[in-house]
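As given, the protein sequences belong to chains A and B, one line each in that order.
Add 40 to a position in the first sequence, counting from 1, and you land on the number used in the numbering used here.
Add 1 to a position in the second sequence, counting from 1, and you land on the number used in the numbering used here.
Mixed in with the good hints, there may be bad ones.
[Stated by the list, open to error] Listed below are the simulated SDA-like cross-link pairs for lysine to any residue, each with C-alpha atoms no more than 20 Å apart in a straight line: (1) B:LYS434 x A:THR82; (2) B:LYS352 x A:ILE96; (3) B:LYS434 x B:TYR488; (4) B:LYS543 x A:ILE96; (5) B:LYS434 x B:ASN445; (6) A:LYS316 x B:VAL486; (7) B:LYS352 x A:ALA85; (8) A:LYS131 x B:VAL330; (9) A:LYS316 x A:VAL291; (10) A:LYS152 x A:ILE83; (11) B:LYS352 x A:ILE83; (12) B:LYS352 x A:GLY296; (13) B:LYS543 x A:LYS316; (14) B:LYS194 x B:VAL220; (15) A:LYS152 x A:ARG174; (16) B:LYS352 x A:ARG98; (17) B:LYS352 x A:THR82; (18) A:LYS152 x A:ASN138.
No lab work stands behind these hints, which were simulated from the structure alone.
These numbers were taken from a predicted model, which means no experiment stands behind them.
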Amino acid sequence: MFENFPLFPPQASTIAGEVDLLFFFLIAVSAFFTALIYLMVTIFAVRYRRRSSEEIPRQNLGSLQLEIFWSVVPLVIAMVIFGWSASLYFKMVRVPDNAMDIYVVGRQWMWKFQHPEGNREINELHVPTGRPIRLTMTSEDVIHSLYVPAFRVKLDVLPDRYQSLWFQPTKPGTYHLFCAEYCGTQHSGMVGSVIVMEPRDYEAWLAGDASGGSMAARGEKLFNQLGCVTCHVPDGRGRCPTLVGLFGRPVQLITGEQVTANEAYIRESILRPNAKIVSAFQPIMPTYQGQVSEESILQLIAYVKSLAPAPGQTVGTEGNMPGGAVSPGSTGPAPGTAPAAPSQNRSNQ
Amino acid sequence: MSTQVAGRPERPELVAEPRPNYLANGYGIKSWLLTVDHKRIAILYLVSITVMFFLGGVFALLIRLELLTPAGDLMAADMYNRMFTMHGVVMIFFFLIPSVPAVLGNFLVPMMIGARDLAFPRINLLSWYVYIVGAGFTIAVVIFGGVDTGWTFYAPLSTIYSNSNVALMGIGVFITGFSSILTGLNFIVTIHKMRAPGMTWFRLPLFIWAHYATSLIMVLGTPVLAIAVVLLAADRIFQIGVFDARQGGDPLLFQHLFWFYSHPAVYIMILPSMGVISELVTCFSRKRIFGYTFVAFSSLAIAVYGFLVWGHHMFTSGQSIYAGLLFSVLSFLVAIPSAIKVFNWSATMYKGSISYETPMLYAFGFIGLFTIGGLTGLFLAATSVDVHVHDTYFVVAHFHYIMVGGAIMGFLGGMHFWWPKIVGRMYPEGWGKFAVLMIFAGFNLTFFPQFVLGYMGMPRRYHAYPDEFQVLNVMSTAGASILGVGYLIPMVYFLWSLRFGAVAGPNPWGATGLEWTTPSPPPTENFDVTPIVTEEAYSYSKEEPEVVGGTQSTRASLR
Ligand SMILES: [Cu+2]
Ligand SMILES: [Cu+2]
Chain A
41 MFENFPLFPP
51 QASTIAGEVD
61 LLFFFLIAVS
71 AFFTALIYLM
81 VTIFAVRYRR
91 RSSEEIPRQN
101 LGSLQLEIFW
111 SVVPLVIAMV
121 IFGWSASLYF
131 KMVRVPDNAM
141 DIYVVGRQWM
151 WKFQHPEGNR
161 EINELHVPTG
171 RPIRLTMTSE
181 DVIHSLYVPA
191 FRVKLDVLPD
201 RYQSLWFQPT
211 KPGTYHLFCA
221 EYCGTQHSGM
231 VGSVIVMEPR
241 DYEAWLAGDA
251 SGGSMAARGE
261 KLFNQLGCVT
271 CHVPDGRGRC
281 PTLVGLFGRP
291 VQLITGEQVT
301 ANEAYIRESI
311 LRPNAKIVSA
321 FQPIMPTYQG
331 QVSEESILQL
341 IAYVKSLAPA
351 PGQTVGTEGN
361 MPGGAVSPGS
371 TGPAPGTAPA
381 APSQNRSNQ
Chain B
2 MSTQVAGRPE
12 RPELVAEPRP
22 NYLANGYGIK
32 SWLLTVDHKR
42 IAILYLVSIT
52 VMFFLGGVFA
62 LLIRLELLTP
72 AGDLMAADMY
82 NRMFTMHGVV
92 MIFFFLIPSV
102 PAVLGNFLVP
112 MMIGARDLAF
122 PRINLLSWYV
132 YIVGAGFTIA
142 VVIFGGVDTG
152 WTFYAPLSTI
162 YSNSNVALMG
172 IGVFITGFSS
182 ILTGLNFIVT
192 IHKMRAPGMT
202 WFRLPLFIWA
212 HYATSLIMVL
222 GTPVLAIAVV
232 LLAADRIFQI
242 GVFDARQGGD
252 PLLFQHLFWF
262 YSHPAVYIMI
272 LPSMGVISEL
282 VTCFSRKRIF
292 GYTFVAFSSL
302 AIAVYGFLVW
312 GHHMFTSGQS
322 IYAGLLFSVL
332 SFLVAIPSAI
342 KVFNWSATMY
352 KGSISYETPM
362 LYAFGFIGLF
372 TIGGLTGLFL
382 AATSVDVHVH
392 DTYFVVAHFH
402 YIMVGGAIMG
412 FLGGMHFWWP
422 KIVGRMYPEG
432 WGKFAVLMIF
442 AGFNLTFFPQ
452 FVLGYMGMPR
462 RYHAYPDEFQ
472 VLNVMSTAGA
482 SILGVGYLIP
492 MVYFLWSLRF
502 GAVAGPNPWG
512 ATGLEWTTPS
522 PPPTENFDVT
532 PIVTEEAYSY
542 SKEEPEVVGG
552 TQSTRASLR
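Use the sequences and the hints to build the structure in full.
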């Protein structure tokens, strides 16, 4: 609508237009009331200016009707705005089911992104148009906030917690990416860009950059290296629960509670295994606090997600990618195994 | 309630009697530092907050200079971060919060209700000393290099990662909080117990209602800030981990505690100014306030609702969306009492006798800027728009419209209005008008562009920014220089007027209110004989007032 208006941000996501519509409505309401008050004050000030120093005007106590009128009318308008805003807000926070995952780790003072296919970037985020994208975000240190004005989205990124933000880009281009929550010295340097591409270009970009194997494949490697595999055998026999088919499933805890095995739960299982003990198991799992980085945890989660419920079969580990060049934005280590398609990661939900 | 309108409390025979005024009651430094006279303590506060205002102003100036260009070239990022942090801390805790209550409130609350002093004069003096100790800590922090966490002190940046003087600053804020608790306590007791005979609740000037509401917030809210700051310091010094996620604490808990105080604190800053505006609009319209009870109770409503909306600072923090919606709807509701006030002030002018002296111009300025500040609050209360503008310059613009455009306009309006009472001399009217126009113009030029910047997406607290934001930032800096000069002018002519101003006389504005029935400057005891009040506030005419479109029963409800 306002693409070329220099005092207005670009609209590049599905909700941007809707937020702007409400914004314009708010401007209209504000302009109306501002004009009303300014006119009233100006007209009264001029019309009833003091003409003689002796003048004493007729006094007035007030008016119940008027008080009710100017309380109820703003109240009704406020509630209309609230209703409108709330329904839009629901849309903004509810992640669509078919959203594609990208993982974000913020730290003083950079943004690190991982695509499930294995591509990694710093301060640059490549995304395709035409499909909802979910960012699962956490911070290594202080609170940051991921903000893309062109998408009208923003969400704080907290340590020790996963926050999900989603958007659906509509227009290819390069847009600002800001950290909006003050996070220390280089806060204003914690910026980057979001590069929105046509899906075809995005696929090509993914293929050109994937060099360290998919996140799930890297997760599997970590799973072996860290010795998880010695306890968590696929068939689930022995003293440890199987992780196959775990993701998205309800888990019965020893306390009788039930929790859903989501990202936060798996993360907690790795860092504070004794916080929630699975029913019928002993608290023998060691903590990995301090041994795995936030990014590695995300990879382990991607691996756990990729463990499809089919007995004895793990997904996302077969095949080999021809080793591509490491992209400028990528910090990925040596070549690894093939990417698991994003849909596969969520196939067991 | 009495409908007696005759018999003004003014007693010319007392006014005429020559007595030493409070300023002449002792000249030594000791007579000031050990005084328990509420009027002298008000002056002590005035001097101290003025010093703090200029300190905060220097920080603001440096911030605006840095933002003149997109690159961070004037100072290093660390320095810039310290600048905006110290600007916020000094202006909020050491200037805005004490401004109207501790200066004008201290001076006027006893006088307006016909008392000789506050209920606890020594506690009043203590509150100033407590303030000075807190301010001393702040100045020490500045000397040791400042703090770089933002005035919001968010954990875990403040508890673990910042390497500046957070704990020292925390102690300073903690201590100053007590000065505001003591002031609030004093006002509440005074308003309850020290009213002159006949001064019923509904005859109180609205300035008093506003201060009563403010005092409730001070007494109930400030302890929560104290708790938050103590926990913060303990977390930082002893690593107890309340706000540290890695130790099982919760950084969002800090935000909840902080805003539980700091949102109501916005009303500590604005409510007293609203009280000032009610006095100004009535006096310069020579009219009784339109809808007295509604204006009075809207202050209380704001104070109560103000405690229930803190979560609107946290819509993007990851709090539950249902909490978000609840805080959103409550934030819309808190706008209504403010709207009621604005409408009633405007209606008071209807068919009034309006003159344009400087204080009234400040009242116009207040109404104009507060309206914009309040309406843009609706944008922020609307969750889905707030997601976009939160932590951008839109928010910066919004709260400056409320706190500078509103609170400081009210403070300056009040200072001009009661200056003749405080020092017995007039300020120069022409310069006064010139300054208020400069302030109004400079203010809008500074802060209006920031709304646009915010919606374009410029985050706040940015030391360097993308090029496309420069034009608006240059406008803002230009406006800030005009605004700065605008603030210096009154400072100069107030000092000038101490010697050269025209002698004011007891009531230069022809205002109602007990404070105008004593000489200017008032004697130490305020009143020779305790006044007996027989009429309602703002009785500018002896005629029976009319009611718009009402019957006798609505008349009763408006009294
Ligand atoms: Cu950040
Ligand atoms: Cu930041």
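Status of each hint after checking the structure:
| no. | hint | result |
| --- | --- | --- |
| 1 | B:LYS434 x A:THR82 | holds, 17 Å |
| 2 | B:LYS352 x A:ILE96 | holds, 10 Å |
| 3 | B:LYS434 x B:TYR488 | holds, 12 Å |
| 4 | B:LYS543 x A:ILE96 | holds, 10 Å |
| 5 | B:LYS434 x B:ASN445 | holds, 17 Å |
| 6 | A:LYS316 x B:VAL486 | violated, 62 Å |
| 7 | B:LYS352 x A:ALA85 | holds, 9 Å |
| 8 | A:LYS131 x B:VAL330 | holds, 18 Å |
| 9 | A:LYS316 x A:VAL291 | holds, 10 Å |
| 10 | A:LYS152 x A:ILE83 | violated, 58 Å |
| 11 | B:LYS352 x A:ILE83 | holds, 11 Å |
| 12 | B:LYS352 x A:GLY296 | violated, 72 Å |
| 13 | B:LYS543 x A:LYS316 | violated, 76 Å |
| 14 | B:LYS194 x B:VAL220 | holds, 17 Å |
| 15 | A:LYS152 x A:ARG174 | holds, 15 Å |
| 16 | B:LYS352 x A:ARG98 | holds, 8 Å |
| 17 | B:LYS352 x A:THR82 | holds, 13 Å |
| 18 | A:LYS152 x A:ASN138 | violated, 23 Å |
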